[in-house]
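Build out the structure end to end from the sequences listed, making use of the hints.
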Amino acid sequence: MGGTLTAHDRRVLMAVNAGASSLSFVGSGFIVLCYVLFKELRKFSFKLVFYLALSDMLCSFSSMVGDPSKGFFCYAQGYSTHFFCVASFLWTTTIAFTLHRTVVRHKTDVEDLEAMFHLYVWGTSLVMTVIRSFGNNHGHLGAWCWTQTGRTGKAIHFITFYIPLWGAILYNGFTYFQVIRMLNNATRMAVGMSDRAYQSDARADMKAVNRWGYYPLILIGAWAFGTINRIHDFIEPGHNIFWLSVLDIGTASLMGLFNSIAYGLNSSVRRAIYERLELFWPEKLQRWFPNNTKYRNLQQESELVSLKIQDQQ
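Numbering (our numbering), first residue to last: 1 to 313.
These are calculated hints, taken from the structure and not from any lab test. Built from N, CA and C at the ideal position, the CB exists for glycine as well. Each hint should be verified, as a subset may be incorrect.
[Claimed, not checked] With a cut-off of at most 27 Å between alpha-carbon atoms, the simulated BS3-like pairs for lysine-lysine come out as follows:
id : residue 1 : residue 2
1  : 43        : 107
2  : 107       : 39
3  : 47        : 107
[Stated by the list, open to error] Ranges of calculated distance between the beta carbons of each label pair, as one might list FRET restraints:
id : residue 1 : residue 2 : range
4  : 275       : 119       : 34 to 40 Å
5  : 238       : 177       : 38 to 44 Å
6  : 126       : 280       : 40 to 46 Å
7  : 108       : 228       : 38 to 44 Å
8  : 275       : 122       : 32 to 38 Å
9  : 106       : 274       : 30 to 36 Å
Written out as structure tokens, the structure reads:
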């Protein structure tokens with residue numbers, strides 16, 4: 001069932017990696033570009049999404065290098081991929097923390113914590129990357145120069161990446177569960193009080209938060225096969241399963257694309273894009289778009305985090 005990867009297998013994995021990483025690079029780069037171009041998006045909540053997209057973009061760029069030969073470029077790819085991929089999933093925890101602190105705890109000081117967020121994300125990423133250098137003996141696993149051939153190195157790689165990753169997944173899941181539960185309770189309370197205005201606000205909040213409940217699934221989907229592959233490689237070194245390696249590299253390399261769609265393409269971004277396009281579309285063309293009113297309605301759609309922060313300041 002498993003064995004050493006052939007030259008053809010590695011070429012396939014390199015192609016999968018390059019294609020998936022390119023999609024993630026374009027997706028996360030688009031969110032970064034939107035943040036830079038559209039001043040109205042530069043609120044604190046979207047600033048965190050910008051840092052997430054920036055980390056994803058650099059992680060994807062490191063992966064896109066492909067399969068460098070052993071030596072300096074191999075180490076450079078290994079360390080840069082590790083650093084920015086760790087930073088990526090850590091930024092998702094700051095977004096979850098911000099949502100929880102604003103909605104559940106009704107705190108208005110989240111913007112004051114930005115420096116702490118940077119220290120936490122970049123500092124932890126650096127520490128994990130430095131620790132990973134112990135027992136270092138880089139080799140290739142499929143299309144990445146991002147693994148270690150020694151048993152100690154493999155264990156350290158797992159400790160410095162996959163354990164923090166699954167810790168972030170559990171934290172995000174627990175946090176979003178609390179937020180959704182609180183909003184559900186608020187909705188039921190509004191129904192019981194027959195407060196129509198409050199019911200409308202609660203429904204808007206629930207609409208905005210519904211997709212947040214799926215965010216932990218992005219990390220699970222992106223890294224589940226990678227986790228299984230690393231455990232298998234640790235138990236049976238040198239016996240690679242080709243199809244598992246394809247799923248591992250394909251899903252992990254798409255993380256930036258998943259994040260850019262889920263976190264980045266919210267109503268504020270879509271509205272900003274539509275308003276710019278409206279300037280260039282001839283009026284005659286606009287009549288051909290039956291969903292024109294749908295985009296105008298985006299002006300009324302609430303973005304949960306930014307709305308809550310603005311209301312409470």
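Now for the hints, and whether the structure bears them out:
1. For the hint pairing residue 43 with residue 107, the CA-to-CA distance comes to about 17 Å; that is within 27 Å, so the pair holds.
2. With a CA separation close to 25 Å, the supplied pair residue 107 and residue 39 stays within the 27 Å bound.
3. Proximity of residue 47 to residue 107 is assessed by CA-CA distance (about 18 Å); at most 27 Å being required, the pair is judged to hold.
4. A beta carbon spacing of about 36 Å between residue 275 and residue 119 agrees with the range 34 to 40 Å that was offered as a hint.
5. For the pair residue 238 and residue 177, the beta carbons lie near 41 Å from each other, so the given range of 38 to 44 Å is met.
6. Between residue 126 and residue 280 the beta carbons are some 44 Å apart, a value that agrees with the proposed interval 40 to 46 Å.
7. Range check, residue 108 to residue 228: about 42 Å between beta-carbon atoms, so the 38 to 44 Å window is met.
8. Range check, residue 275 to residue 122: Cβ separation about 34 Å, and the 32 to 38 Å hint holds.
9. In this structure, residue 106 and residue 274 meet the distance hint of 30 to 36 Å, their C-beta atoms being roughly 33 Å apart.
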